[in-house]
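Take the given structure of chain E and dock chain L to it, following the hints.
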Amino acid sequence: MDLTAETVRGIAKLARLRPNPDEEQRLIQDLGAILEFFAQLSEAEVDGIEPMAHPLEVDQRMREDEVTEPDRREDYQEIAPDAREGLYRVPAVLDSD
Amino acid sequence: MHERTLLEQAQALQDGEVSSVELTQFYLNRIQAHDESLNSFVTVTGAQALAQAEAADRARSAGEAGPLTGVPLAHKDIFCTRGVRTTCGSRMLDNFVSPYDATVVERLQAAGMVMLGKTNMDEFAMGSSNENSCYGPVRNPWDPERVPGGSSGGSAAAVAARLAPAATATDTGGSIRQPATFCGVTGLKPTYGRVSRFGMVAYASSLDQGGMLGVSAEDCAALLGTMAGFDSRDSTSVDHPVPDYQKELKQPVDGLRLGLPKEFFDDRLDARIRASVEEAVAAWEGQGAQLVEISLPNLPLATPAYYVIASAECSSNLARYDGVRYGHRCADPEDLEDLFCRSREEGFGAEVRRRIMIGTYALSAGYREAYYDRARRVRQLIRRDFQQAFEKVDAIAAPVSPVLPFRLGEKTQDPVAMYLIDCYTIPVNLAGLPGLSLPARPVDGLPTGVQLIGNYFDEARLLGLGAAWQRETDWHRQVPPGFA
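Going down the list, the sequences are from chains E and L.
Oh and the first sequence: position 60 is 647 in our numbering, straight run, nothing missing.
Oh and the second sequence: position 57 is 77 in our numbering, straight run, nothing missing.
Excised from the complex, chain E in its bound form:
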């Protein structure tokens, strides 16, 4: 299956990836081959078959709405690339003016 560079760039944008031009070429080729491989699925006779979610068809469990986790914010923020005063720091999202 032929994918265009534009399609590959569109998927990369959705996936928050940024392939360089060489990689983009490689992806056009590889993803094309993988999609061709996936095309076999169109042969399957699946009319009326329910898509499967959990092999044992278990339902989502409910529990009491109670606090079960202790507050460990500091432990969790200690491993952040940039956290200060309980906040995660990222480049400015809004213009300063």
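No wet-lab data here; the hints were simulated from the structure.
Beta carbons: idealized from backbone N, C-alpha and C, even for Gly.
Among the clues, some could well be false.
Claimed, not checked - Derived Cβ-Cβ restraints for the label pairs, each shown as a range: (1) L:345 <-> E:608: 26 to 36 angstroms; (2) E:651 <-> L:290: 51 to 61 angstroms; (3) L:66 <-> E:608: 44 to 54 angstroms.
For chain L alone, kept in the frame of chain E given last:
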């Protein structure tokens, strides 16, 4: 000492023949002597291991030791360990130290087991050769020019080389069973939901299942009894009683109906591997098992269906790596978008990025029905095929891998060829069934294996068949020449 199985090590500890500190130091020495060439460990936790071993010895003196107290093991670097980094073989998590333990780690630790370190793996468990790790490939102890299989290649190589008596592992499409067969060790992928996924870094959540690699089926039974069971912290964990696997596996083979699905013995299978599998099947027949020919007609569609589902779930699961809360962050981001995109582009390796891309495509507007939903319908058909088969048979015997361990670099240029290597293990994950990989007669000095597939929660029966085969053979006892 290292020729012994895990249960024999446990016995030696119980008999006072050796202390946990001595046994732990013995394995740490073996890792130091041998792992430079294998690369099976990402992190060796020597000091912590000795501290745990001392605690185990103290518990034993106080009369508080359990059956596995003081026995060392290694964890695949996908299980979160509090205070010890968990990399998942990825640059993205190179600096990640989890603030909590995985349930599997917690339970084995509570049983008194000693962690030797964390084993190498394909990045985020995506791969069949362990060539996708950012820490470099693991080598097969039977032939260093060949791959150990993947994604649990480090765990399999470490157990095969007897650098650890056993290791935890995970299996999404064959990642326990295929490296087990490539390295000549025993590996069990339990029923989906049997072992908690809490603290196990997610790849494809509807398929991922934790298990183990060991020397013998009995060793796997002992570990499963400790690891298995309901966990409220895993929303897909199944509340089903945990039997005494070591007791259950003594059930006789006589009278069991063993299914042989023709789709697993097709022309993709190397004839030499077929001969090894048939030898194992004949041994079970000799012990009284009745052989039944069966068919699983939808099997040929399993591999494409699997890669659609696994990639789709991977693209969603790996969206959490944003360079903000933990993991790799790129230098000097221009803005938030740049921070996300560059951190992810730099942090993920090529195969992971490829699967994120394909999964994103398969879930995108206009394609979801044709790919993801269709694949999940095919998955239902495959599950039904197995359910119909289990009305006629008690277990299924099959090959694990269609090919022998291949050379490093041999298949890295062709992703689809690499995907097809897992054609005999993938259907089991799609159906959520347990699968056991057992060493069989080697071919030209390279390990082969036979796979047993059971009905839901029928691990004990598989382990029993495995133990019966291992009482008659010693393939599982063989240590690679360089590590004797």
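These are the hints, each one checked on the structure:
Distance hint check for residue 345 of chain L and residue 608 of chain E: the Cβ-Cβ separation is about 31 angstroms, which falls inside the suggested range of 26 to 36 angstroms. Judged by the Cβ atoms, the range 51 to 61 angstroms given for residue 651 of chain E and residue 290 of chain L holds: they are separated by roughly 55 angstroms. Judged by the Cβ atoms, the range 44 to 54 angstroms given for residue 66 of chain L and residue 608 of chain E holds: they are separated by roughly 46 angstroms.
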